[in-house]
Structure formats: structure tokens, C-alpha cells
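**Student:** Below, each chain spelled out in residue letters.
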Amino acid sequence: MAIGLHDSDLKNPVLRWVDQRLPIFSMMQKEYGTFPTPKNFNYFWNFGALAMVTLAVMILTGVFLAMNYTAHTSMAFDSVERIMRDVNYGWLLRYIHMNGASMFFIVVYIHIFRGMYYGSYKAPRELLWMSGVVIFLLMMATAFMGYVLPWGQMSFWGATVITNLFSAFPLIGDSIVTWLWGGFSVDNPTLNRFFSLHYLLPFVIAGVVFLHIAALHITGSNNPLGIEPKGPQDTIPFHPYYTVKDSFGMVVYLIVFAILVFFIPNYLGHPDNYIPANPLVTPPHIVPEWYFLPFYAILRAVPDKLGGVLMMFGSIALLFVLPWLDGSPVRSMRFRPWARPFFLLWVVAVVVLGYVGGKPAEEPFVTISRFAAAYYFAYFLVILPLLARLERPLPLPESISRPVLHGGGPLPAGAAAKPMEKA
Amino acid sequence: MKLSIKAAALGAALGAALLLAPLTVRAAEGEIELPKVHFSFDGIFGSFDRASAQRGLQVYKEVCSACHGMHLLSYRNLVDLGLTPEQATAVAASFNITDGPNDEGEMFERPGRLSDRFHNPYPNANAARAANNGALPPDLSVITKAREGGAEYVHAILTGFRDPPPGFAMGDGMHYNAYFPGHQIAMPPILNPDQVTYGDHTPATVDQMARDVATFLTWAAEPELEQRRTMGVKIILFLVVLAGLTYAVKRKVWSDIPH
Amino acid sequence: MADTLASPPPEQPETRRDFLVLVTVSFAAIGVGAVVWPFISSMNPSRDVLALASTDAELGAIAEGQAVTVMWRGKPVFIRHRTAAEIQEARAVPMGDLKDPATDQSRVQRDAWLIVVGICTHLGCVPLGQKPTDNRGTYGGWFCPCHGSQYDTSGRIRQGPAPSNLLVPTYTFLSDDKIRIG
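Protein chains in written order, with the numbering used here: chain V, -5 to 417; chain H, 43 to 301; chain U, 193 to 374.
Hints listed in this document are in silico derivations from the structure and should not be mistaken for laboratory results.
We put the beta carbon where it would ideally sit given N, CA and C, even for glycine.
Fair warning: there could be bad hints in the mix.
DSBU-like mimics (lysine-lysine), calculated; alpha carbons at most 35 Å apart, straight line [as the list claims (entries may be wrong)]: (1) K103/H <-> K370/U; (2) K323/U <-> K291/U; (3) K291/U <-> K267/U; (4) K5/V <-> K24/V; (5) K5/V <-> K294/H; (6) K294/H <-> K24/V; (7) K224/V <-> K294/H; (8) K78/H <-> K103/H; (9) K294/H <-> K276/H; (10) K299/V <-> K187/H.
Covered by chain U, per the in silico footprint, the following chain V stretches (three or more residues, Cβ under 8 Å) [to be verified]: (11) 55 to 65; (12) 113 to 125.
Sample of chain U residues facing chain H (criterion: CB under 8 Å; computed from the structure) [unchecked claim]: (13) V213; (14) T216; (15) F219; (16) A220; (17) G223; (18) D240; (19) V241; (20) A243.
Make the full structure from the sequences, and use the hints.
**Tutor:** Written out as C-alpha cells, the structure reads:
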């Protein structure tokens, strides 16, 4: 073997020649073939792969839609309708892309809730978690700009409301907004630059996803018990076990996706976006897409404009520092009987925020949103830090294999339980 | 396996929340309840009653097209509604389309052709408003997708004209409608019994004309509806079979791991 | 107690597993193939492009011996009002002389009016010959400056690298003075 070539194990001479110079095959074999993965994943662990599949679907449909879309205020709405009516299978591409955005957020929210419940954000996976939050932010920016492109009433007015938020910042606020708009209101320059950035950001997301998976492969995956694998008895190779399980999960996911696309394609949308944008007529209720509603509710819960903006961004910024807010050495909430109900209540608070976010800013919704938002922040800033100190967790099992061989669950009282494992 | 109960509960809660979320937005829009109407295209397996849609086209042509454009449709689309190319050509030819400039540099009128978009009754929005007391008759190309309630809403508006209740202050030139948000609509009660003589001798009651127009407009907004649902049935059946197969493979592959 | 990875299952179950895997993968492959088609199809001409786009042309202003160019589907179409001499010239050509044999009668609906797509069948340039001052080549029709193809008064290729005659589009006479192309 000459110096400067990768030491490849491949037998096929052509593949080996490539692999020696650019070890993609070896890499795939190592990272997705033999990679030791905890054997006790449940189906919540499918959602990362589903998110990756959704990203691919969105990019593919998006590129083909862009072949027929015109990003000019006078033509945008009509170009989308032309796609729906005249482009072969254009309606299919559009509905997949439109509902794919919702599917992307469904999948990512479940993926995030999994991470929070099982402590996947704790050491040594802090950067894995933070890169995930970056992906989430990029997704929100991409979805926001994408929704503007059809240039319907909600596109225009949603863009107007959200970009106007930046004027809340003292001194520089108005300049920021003018800079974002490229003019004195949401208009053609805004639409054009949103199209450019909407095309760009998914590829940035793909890059951060690469980092996200790279970070994962350094630490290895977490698992429902939250304890590290002790040896080969606790792990199985990713292929064929999880390739096969993820394939099944993907088919179920596609069934849900297909029901949306083929039978209720406009269910998650808003009828007002089929009215062409009119800068002179504001819709009676401006509502963002459902996946933004919890943050919209937080924004409106605060009576002060700047306060609302800061709290809204703060609610996501808080996610970044979660690994340091939650100091409990126990990862999985399966063994944290006090933290578990507080977390489930937090999920309920998010759902409640989503619900009131879609309502007009009147009573009783405003009061409800304030209670729910207060709990949202209290969970991160007060409850988790306190629990880290005060909670007495359940005894952790000895290893991943142990509970499996003994029929599941924590060890019976008689057996010697290992003391709390340092996370 | 214990966790899967919790997992299922969490998943169900999330799923329910997501499915119900849009309804919360809908309910906020206004509490006017629309009368239930059964349309041929309701449900998963519904399709367009072409006779009804063609009658609706006739109503559109003879009544609505005076004020409402449908500029996203082309006359050639009418062939998908069951018209022969000759019939569609005749419909197109019954409208005058502005074309040009000619060699003298002037715009001119000519009869419509299959490839033309539907004729707009007014050259621009300002002209439309000027002719309609300041109100802009909306383009009807996607109206059933642009209104909460879709076809039922269209039917309700057309059949919803009433005398205003005592004490209700009507604006100038406005008309009371039981189902229009705010109950005041600029459009006058436009459908009257036997206003149109149907070619297939269906009695042209207001309710019948409203249903037919609603069917036509739903087709106009979603011409791909039938193909979309047929494809959906096939794809979901395929995926269900594939789900069974992949699950069987998963169980087989995992049979040697205690889990 | 260290469990090793389970050893490969015995032959029979493995064959059954392989068959099941084969069926599943084949089934999925059909699905993948079905998914690819809409994307490819979406790049084919859309329905509005395919819709019968036709151009009307006025013939009244074209004097005998003159020619006019109109645009049809983004392409130039030559309309030439032929003189009796040009018609006779076209009729007199023996089929053996033609690289792409076609009678003049088969290429016109009315003798005086020759209507052809003005794109050289070699590599797509627009031949000269519409204006009386243009070089019409040796055969009185059109001359393509790109590679020297020459067409006669029936638009047929007579000399040069072009393989076939200038294309005659579908057209109809709406009246004596007006045609619809396409």
C-alpha cells in the first residue's frame, strides 16, 4: 500500500480504487453500516432520519417548483396558479412542498421533545443539541420566507407584521426594517430577496445537519434509559437493524404525508392566502402558519412591543443553554419521577400557546397565553435548575442489556443497583 | 415496551393538537354557521357532477361574468368539464378579447379562442370599483379555496339574501345577507328563479343555480381534484402494503436481538 | 456475561428472510420509480405551452414577388407571394435533383402562397431571402449565410449541408386574405 492512500477494506477493484483516494465507501460503511448503536431505541429515535428525508423531499420539490415560479409581485400569485393548473403534476409538486413544510415541523418538534425527555442535550452532547437548535432556527427562517412567495394576503401581511417587529429595537430598529424590506414597505425587493434566501437556506441547513450528525457520531446516540453503552453487548450495528426499522417508520410517515397531500391539502393552511396580496386591505385576523403559533402567542402575551420581541426570541435562545440549566446527572426522565410531570406540563403549555396563538388577541386568550408563557419560561429558568438539586431520581439499571434480559424496567429491589451514574 | 404506552399517549396528544389546531383558527373567523349542503365532490371518493358543473358554467356565463372575472382559467380548460372542443370554442367565441397591438400600434377586439384566458369584464380594478359603487367584485378563479366554507359558503351567499332584521342599519347601496361576514354585501341579490334556462331542462330554482355555480367554481378552483384523490387512494394502498412488508422485514431482522 | 453479536441464523430462515427482503425491496423500487416520473414530466412542455398557439397573418398587403416574416411559437415563418415564374421554376425541377424529394404541389395549398418555417434545417440559422435586396442564392429561394445551404422557390434544399427542405407548418386559409398558422 503506497503512502498517501486510504487503507481500504473493499474487495471490488473499481470501488477500492475510488475508496483509496476518497474514502466515501469506507465512511458509509463505518458511519451507517457497522456503527454501534444502542439496541434499545424506541420509535422516537426514528424522527431524526425522518427529518433528513423531509429535507431531501423539500429541496427536490422546491428546485422543480422554482423552474416555474416567478418572484415578481405582479406575477408571483399567477405563476403559482399556473403551476397548479398547467405544469404537468405541478399541483402535486406544490402540495407536497406546502404540506412538507408542516411535516418537517411535526417531525422536528417530536424530535426535540424526544431530546428533552431523554436528556439527549446533556453532556457530552451539548453541541449536538445546539447545532440542532441552529437547524430549527434556520428552518423557521426558511419557512417564513417560503410562505411569502405565493404572494397571497397572509404572505404579504405576515411578512409585514413579522418584519415590523424589528422596529422595536431602539435607535437602530427602523433602519433594520428598511434594510430588510429594501424599501419602505414589503414590496418587490422584499419578495425577490426572500426567494433568493429561501433557495439558499436549505443548503445551509444541509451543511449544519452534516455537522449535527458528525457530532452525534463522536458521542454516539443516547437511548431511552439514558445510560451509556458498556460494551458490544449493549449495541448493534446500525445496518441492518436500524436501516430496516427506519424504513418501516418512513413508510408510516409517508402514509400520513400522503393523506395530507392527496385528501386534505389545504387543511393546515389559511384560505386568505388564496386571495392575492393587497397592501390596502388587511385581513381581519393575521395568523402565521400553525408551527409558529406558540411563538406568536408568546410575542403577543407581553404588552410591550420590545418586550414581546425579546421574549419571543428568548424562548428559542433559552433552548441553547438548556444543557447548563438542567444540572441533573440523570438523563432520561424515565428515572426522574418529579421532572417528568413538569416536562409533560411544559408540552401541554406549548400546545396551549399554539392554540391561543391562533385566536384573536382578546380575553380570555390573552390571560391564558400569559400563564402558559410564564410556565414555559419557569420550566427552564426555575423548575429544571431546582429539580437538579432537589430531585431524588429512581435507581438506574446496571446496563442497557440488563433490563432487556430481565424483562424490562428498573431492577427488582433485591438486586444490587448501581449508584446514580454521572451523566 | 412500557414506554410505548406513554409514547402512544404523547403521540396521540400531539397528533390531536395538530389536527385540531387549524379548527381553532377557523372558529375565530366568525361564528356564522353555514347551512349544510351535500355536493357530489364531498368525501374521499366524491367527484364532480359534470352536468351540474356545466349548468354552473352557464349561470356564470349568463349572470356572473358581467362583473366577475376568472382570469386564471382558459377556455381550453372547459374541455375537462365535458364540453366538446366545438362547444368550448363556441363559449370562447361568445366573449370579446382585447388583443394587439396590430401593425398600426393599436389594441383591438376579437372573439375569444380556446387558448385565451377567460375574459375580464373590466380592464382593471379601478374600473371595476367605479362600476360597482366602490366595491371590487372578486375574481372567482379560486374563490372556493379563498373562503372559509368553500362551496357551502358560495351556495350560502347566493341563497342568503334576506330583508334586514328590524333595527339593523344598512349602509348605502349595501344588501343584507345572512351568511356574509358583517351581513352587508355590495352585491345585490343576483339570482332569481328561472333567470337561466337550463339546456337539460332542470328547473332553475335559486337553490339549484347556487348549487350548480358552487360545483362549477369548485371545479374551477381545483381542476385536479379527481385525479388527486384517485392517485391518493392508489398511493396509500401501496404504502399500506409496503408498511406491512417492511414491518415483516423489521421483525425478521430483529428476531435475533432480545428487545 | 458478555453477549456477542448474534451469529447468523441457520440457512432456512435466512433464505426466507432473503426472499421477504427481495419482495420488499422490489415493491419499494416500484414506488421509487413511480415517484421519479412526476418530476421528469413536470419539465415537459406545460399545458399552456402545448395549447394550440396560433398566429394569424394578413396576406392582403403582400404584393406579388414580396415576402413577409411572422413569428409563430417563437419561430420565424416566411410567407412569400410567388410570381408565376417562381411557381414554374419550382414545378420544373426533376425529383432526382432533390436531396429531399417533394413536389411543389405537395408543399402549398394555393400556388401563389409559399409558407415555410424560416429555420435552416442544418443547424438552425435564419436564412436570407425575404428582402429583394437579400442574397437568395442560385435557386431564387433562400440562402443560409451560416454554412451555405441554398433553398429554391419551393423552400426545398438544393445545395449545402442542410439535410431536408424548409418545414411547412400547419396552416389554414381563413379567407383569401388571411391565414391562421398552427
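**Student:** Hint by hint, note whether the structure agrees.
**Tutor:** Hints versus structure:
1. K103/H <-> K370/U: Holds, at roughly 30 Å.
2. K323/U <-> K291/U: 26 Å, holds
3. K291/U <-> K267/U: Between K291/U and K267/U the Cα gap is close to 24 Å, so the pair holds against 35 Å.
4. K5/V <-> K24/V: 16 Å, holds
5. K5/V <-> K294/H: Given that 35 Å is the threshold and the Cα spacing comes to 28 Å, the pair holds.
6. K294/H <-> K24/V: 24 Å, holds
7. K224/V <-> K294/H: 26 Å, holds
8. K78/H <-> K103/H: With Cα atoms ~26 Å apart, K78/H and K103/H stay inside 35 Å; holds.
9. K294/H <-> K276/H: 27 Å, holds
10. K299/V <-> K187/H: The given pair, whose Cα atoms are some 34 Å apart, holds under the 35 Å limit.
11. 55 to 65: That given contact holds, which follows from 3 residues of the segment 55 to 65 of chain V lying within Cβ reach (below 8 Å) of chain U.
12. 113 to 125: Per the Cβ count (0), the hint is violated.
13. V213: 6 Å, holds
14. T216: 4 Å, holds
15. F219: Constraint on F219/U satisfied, holds at 6 Å.
16. A220: 6 Å, holds
17. G223: 6 Å, holds
18. D240: D240/U check passes; min Cβ-Cβ to chain H is 7 Å, inside 8 Å.
19. V241: 10 Å, violated
20. A243: 4 Å, holds
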